[in-house]
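Q: Chains A and B, in that order, are what the protein sequence lines are. Per this note's numbering, the very first residue in the first sequence carries number 1; after that it's consecutive. Per this note's numbering, the very first residue in the second sequence carries number 1; after that it's consecutive.
These are computed hints drawn from the structure, not numbers from a lab. Just so it is clear, the structure is predicted and the values come from calculations on it, not from any experiment. Misleading hints may appear alongside valid ones.
To be verified - A partial selection of chain B residues facing chain A, derived with a Cβ cut-off under 10 angstroms:
#	residue
1	Val47
2	Leu88
3	Ala124
4	Lys163
C-beta atoms are modelled at their ideal positions from N, C-alpha and C, and glycine is treated no differently.
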Amino acid sequence: MADALTARAATNPRRLAQRKKRRLAVVFVLPALLLLGALVVYPVLFSLGRSFFDAGGDRFVGAGNYAAIIHDPATLKAIRNSTIWVVVAPLLLTGLGLMLAVLTEKVRWATAFKLVLFLPMAVSFLAAGIIFRLAYEQDPDRGVLNAAVVGVHDAFHDAAAYPTARAREDHGLTGGAGGPYSTEETVRPGRSVSLGFVGVAPDAMPAGAKAAAAAAPDTDGIGGVVYLDFAPGGAGTPGKVDPGEKGLPGMVVEAARDGRVAATATTADDGSFHITGLADGEYTVRLPAANFAAPYQGVNWLSPALVTPAIIAAYLWVWTGFAMVLIGAGLAAIPRDALEAARMDGATEGQIFRKITVPLLAPVLTVVFVTLVINVMKVFDLVYIIAPGPVQEEANVLATRMWLVSFGGGNDQGLGSALSVVLLLLVVPAMLFNIQRFRRSGA
Amino acid sequence: MSGHSTIERPPTRHAAAVRPVPAPSAPGPRRRNRMSRLLSNSVVQGVLILVALVWITPLAGLLLSSMRSERDNASDGWWTALTDPSQLSLDNYSALLKDSGIAAAFGNTILISVPTTALVVAIAALAGYAFAWLEFPGRDGIFLVVVGLLVVPVQIGLLPVAKLFGAVGLFGTITGVVLFHVAYGLPFAIFLLRNYFAGIPREMLEAARMDGGSEWRIFSRLVLPLGRPAIASLAIFQFLWVWNDMLVALLFADSESQPLTVALQSQMRQFGSNISVLAPGAFLSLVVPLVVFFAFQRHFVQGVMAGSVK
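Extracted from the complex, chain A is given alone in its bound form:
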């Protein structure tokens, strides 16, 4: 059979087979070309043409839409933000990826680590957006980021503050809500004072607060107690430490004379304090305003000033694994001999990194960087999801602005088309670079 075939192929039917093959080739490529022609090529040409007409599409405006891009403040803001994105995100990602790739070379569980960092690549931007909207919630009781920020802040500053507390009126303290408070009468060392407060809700009380005891006369300083002058159930006498009333721990108490603070103390869990080291004399006992300051509420991540950096951070979460894995593969391809030889010659790790690793990695770093630029340019979902309605305009990038202009109420399809053409033109150079690389490597 093979014989017969070769014999026939050599003669006349050969051209027939050729023609058949050609027809087959057309059948093979036709579905692809039809779809590409109708849904990609035609739309590009249509958008290009449409970008020269006005919002409704009836009037030819020439380059008017492109001029509008530069004059429309909202669109300019989007261009500014897109520039920030393209400058900051790829650079940070490449740097972060390089750092982590180098570090993971030193540990045994590198594979597990890479898995964890690559995981977000599977997550949709919508889900990532929801994840970070949750993390960025401003209330430190709900948003994990502000919970961390406030936790760190409070670790360095005195955490106990009683923003709602106010002194029992007419029981020895003067001062308005929010502090500071000071005793109406002066106190001499060896005496003690009981300072009653109200207005602290039971669930706002520090967990460690203990029952207060009436202040006993002090021996060598000014003693006393700062307490919540309110017993559960409402029983008790105002101005007196009754059973069941708790001390207010963590209050800063100052002893001042002639307007100058002579010494300070902090109340214990039962609210007692003990100011020592005082010379004999008349002192005013004061509770400075810091005791009544509203607690630190953390950072407003999604405020107009921070919303773009916040969304870029979410983007880093998604893409760092990509940069790390790609750079890690490049790192593994660096010949060990070169590094070893440099070490033998007494090069430090820092020198090796700068003089050998980075230059050898340059091609990989460029590819990662360019790929990221392309992807960053087109970022849409994250911005659309994370930026809350009122700050959407502050966060807009080219892609979201194009969407809002064309479909999101703007309904200016001329300007929208012009923006999409700009988006296309911006990606072209980066893309050409990638194609060139692909062709050279013959992948």
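Dock chain B against chain A, hints included.
A: Using the frame of chain A, we list chain B on its own:
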């Protein structure tokens, strides 16, 4: 990738001198070397553990939030569930699945992403083979155009294709969404497969032709099996791309055909009061990609790597 296979030697001037003489003078500096190596290594480990924790925390937050009641989510953070696991239940999920809208949207996501993936792979494999191994007029020129189309962002197609679909009654249908995705997935898919197929040794194809195999037979019995790695990576990338898409469906799908991403997006305006819907919904949309991720790690990484040029 295993970092410990190479000898990490801390920088020291003595290193070269000490090495050939292992005896008496060695212990001092060597012990110090080991100490500093141990120290720097544990610093590295610490840093990496910290980074891994930072990366896991947001996901953990979503998972735990998705299992807490609306009241709990409104009053305090998900981390309180770590010490009080009694907050956690699957109630949100069962409520979500009973809500026909979300369940239908989940179904739509499948109805959109599976056919898209199959179509892209099939059409691109045919075209890729033709571009690589069949002769037809204008072949190389057309392929260059296809490569050029790689760069076209979907945004430029939104408006014209919406008008086109509107004219032929495809706007707001699953078919429309699928067709759009297929068209914009094709340039990369053809590019990838053509290049992979072109790497098949010519002799293998010639031999098959000599044996009397038709082009179709050669394609289906030889080229497709040989191209499996590339096809697998492409399929995974394409599937995830479409599964995770929001933008295309936001425009082309109506309320009947919308996928999960769009259904959840429409809930974003009430963010804060509907975390018991958004968090489990988002997690639901994650489950399939995560399964794909863990089941096909190698192909997944390759697919994402290759596809990132898009």
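Q: Determine for every hint whether it applies to the structure shown.
A: Consistency of the hints with the structure:
With 10 angstroms as the threshold, the beta carbon of Val47 of chain B comes within range of chain A, its nearest partner Cβ sitting at about 7 angstroms, so the hint holds. Here the hint on Leu88 of chain B is broken, as its CB sits about 16 angstroms from the closest CB of chain A, past 10 angstroms. For Ala124 of chain B, the shortest C-beta to C-beta distance to chain A is roughly 7 angstroms, which falls under 10 angstroms, so the interface hint holds. Given hint, Lys163 of chain B at the interface with chain A, holds; its Cβ is 8 angstroms from that chain's nearest Cβ, closer than 10 angstroms.
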